[in-house]
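Could you build the full structure based on these sequences and the hints that come with them?
Using full-length UniProt numbering, you'd call the opening residue of the sequence shown number 1 and step up by one each time.
Hints are computed from structural coordinates only; laboratory data are not their basis. Please note that the accuracy of each hint is not assured.
Claimed, not checked - Simulated DEER-style distance windows between Cβ atoms:
1) 178 <-> 30: 27 to 37 Å
2) 41 <-> 93: 17 to 27 Å
3) 129 <-> 311: 35 to 45 Å
4) 32 <-> 62: 25 to 35 Å
5) 308 <-> 43: 41 to 51 Å
6) 131 <-> 32: 40 to 50 Å
7) 126 <-> 239: 26 to 36 Å
What the hints assert, rightly or not - Mimicking DSS-like on lysine-lysine, the simulated pairs with C-alpha atoms at most 27 Å apart in a straight line are:
8) 129 <-> 59
9) 191 <-> 241
10) 59 <-> 191
11) 191 <-> 129
Keep in mind the model is a prediction, meaning the values are calculated, not measured. Backbone N, C-alpha and C define an ideal beta-carbon position, used for all residues, glycine too.
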Amino acid sequence: MRIAVINRHRTETLAGSEVQCDMIARGLTERGHEVVYIAANGQGPYDDCPYRVVPVPLKARAIADACERERPDIVYWRLNKHGLRHIARRLARLDIPFVFASAHINDHLRWAAKPRRRTGLRGLVTTLKHRIAAGWNHEGFRWVAAVVTNNPDHLGLAPVGRQAFIANSMTGEARPFSWPRPYVLWVSSLKPAKRPDLCIELARRLDGAGVDVLMVGERLNYPPMESIEDVPANLRYLGPKPLEEVNGMLAGARCLVTTSMPEGFSNNIIQASLQGTPTVSFEFDPGGVLRRHVLGLCSGGDIEQFVSDVGSLLDDEALAQALGRRARTHALKHFDPGRNIAALDGFLNAVAASTGGRARAGPAVRPTPGYET
Numbered sequence: 001m002r003i004a005v006i007n008r009h010r011t012e013t014l015a016g017s018e019v020q021c022d023m024i025a026r027g028l029t030e031r032g033h034e035v036v037y038i039a040a041n042g043q044g045p046y047d048d049c050p051y052r053v054v055p056v057p058l059k060a061r062a063i064a065d066a067c068e069r070e071r072p073d074i075v076y077w078r079l080n081k082h083g084l085r086h087i088a089r090r091l092a093r094l095d096i097p098f099v100f101a102s103a104h105i106n107d108h109l110r111w112a113a114k115p116r117r118r119t120g121l122r123g124l125v126t127t128l129k130h131r132i133a134a135g136w137n138h139e140g141f142r143w144v145a146a147v148v149t150n151n152p153d154h155l156g157l158a159p160v161g162r163q164a165f166i167a168n169s170m171t172g173e174a175r176p177f178s179w180p181r182p183y184v185l186w187v188s189s190l191k192p193a194k195r196p197d198l199c200i201e202l203a204r205r206l207d208g209a210g211v212d213v214l215m216v217g218e219r220l221n222y223p224p225m226e227s228i229e230d231v232p233a234n235l236r237y238l239g240p241k242p243l244e245e246v247n248g249m250l251a252g253a254r255c256l257v258t259t260s261m262p263e264g265f266s267n268n269i270i271q272a273s274l275q276g277t278p279t280v281s282f283e284f285d286p287g288g289v290l291r292r293h294v295l296g297l298c299s300g301g302d303i304e305q306f307v308s309d310v311g312s313l314l315d316d317e318a319l320a321q322a323l324g325r326r327a328r329t330h331a332l333k334h335f336d337p338g339r340n341i342a343a344l345d346g347f348l349n350a351v352a353a354s355t356g357g358r359a360r361a362g363p364a365v366r367p368t369p370g371y372e373t
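See below:
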């Protein structure tokens with residue numbers, strides 16, 4: 001089967017969604033499918049990719065034109081609602097089934113918009129524009145054949161009849177990392193929705209406790225760290241790092257701390273779990289995995305509780321190790337790339353077949369009970 005994967009590419013944007021799409025494209029290629037990756041805002045080169053990459057501008061018409069030229073049997077879209085109405089409608093006219101892969105809670109909500117740093121009247125106008133665009137593009141779900149979500153709590157939210165939960169996956173390959181003092185690690189892009197200010201506040205509360213707070217990630221729409229007043233001495237911003245190096249950093253951390261607003265399912269939680277490192281989340285517990293499976297702690301949006309929860313893992317190494325072991329066991333079972341890409345393969349084939357497309361499976365797929373609703 002010829003499958004088009006549409007998203008930004010990890011060559012240009014090393015973020016969670018792009019990492020997932022690269023892994024999916026590689027996995028589907030290994031399973032015998034012809035994969036073409038339509039890279040929005042792509043520049044290349046893509047020499048290390050075993051699949052073909054078609055870079056296009058981040059414009060709805062350009063992406064739709066590329067789909068029309070490539071004529072895939074099915075489209076796997078993981079680009080939020082950017083231009084969704086135009087693209088989904090055009091693909092429906094071409095009889096190309098469109099599978100929308102949700103990467104964020106806002107994908108399911110008609111008027112949702114991510115927070116912006118800009119305030120005042122200009123900030124209000126910008127937010128209003130984004131909300132109007134989100135509402136307009138939400139109409140694109142009328143032409144979507146199926147939805148895949150990485151968070152079971154999001155099933156049924158989008159106005160599409162056929163939906164499936166298929167978990168994210170991640171590699172556990174790690175590059176050795178050393179640091180002279182005990183540390184906790186924060187991994188994300190520095191932007192308002194990830195709330196890096198809360199990590200800085202955590203570092204202030206832990207200053208003098210003999211522990212460092214390391215921050216890793218690309219700075220997006222956020223001021224330089226040196227321009228922020230009262231940055232504590234135990235805070236270290238290390239910039240963006242390759243995936244394998246982040247895994248090595250997680251392996252040595254007492255815990256991962258995450259301060260993100262509700263989103264989809266954070267890759268960094270999976271990465272930490274595979275390294276046997278527990279997570280302390282300020283607020284967001286995706287799919288309830290931290291509480292339900294006791295893989296870490298969730299502080300319920302309370303800064304005092306957040307500091308206390310991190311402190312409990314710093315003070316009690318046995319507790320941190322016990323949670324880390326549980327997290328690793330859970331991750332190896334539920335976030336395995338082979339298992340989850342096989343489930344996606346089966347789902348895409350089922351959607352293509354039910355819409356009259358040319359479905360062709362790769363190696364035999366055993367559907368995971370309950371993965372589709």
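* List of violated hint numbers, smallest to largest -> none
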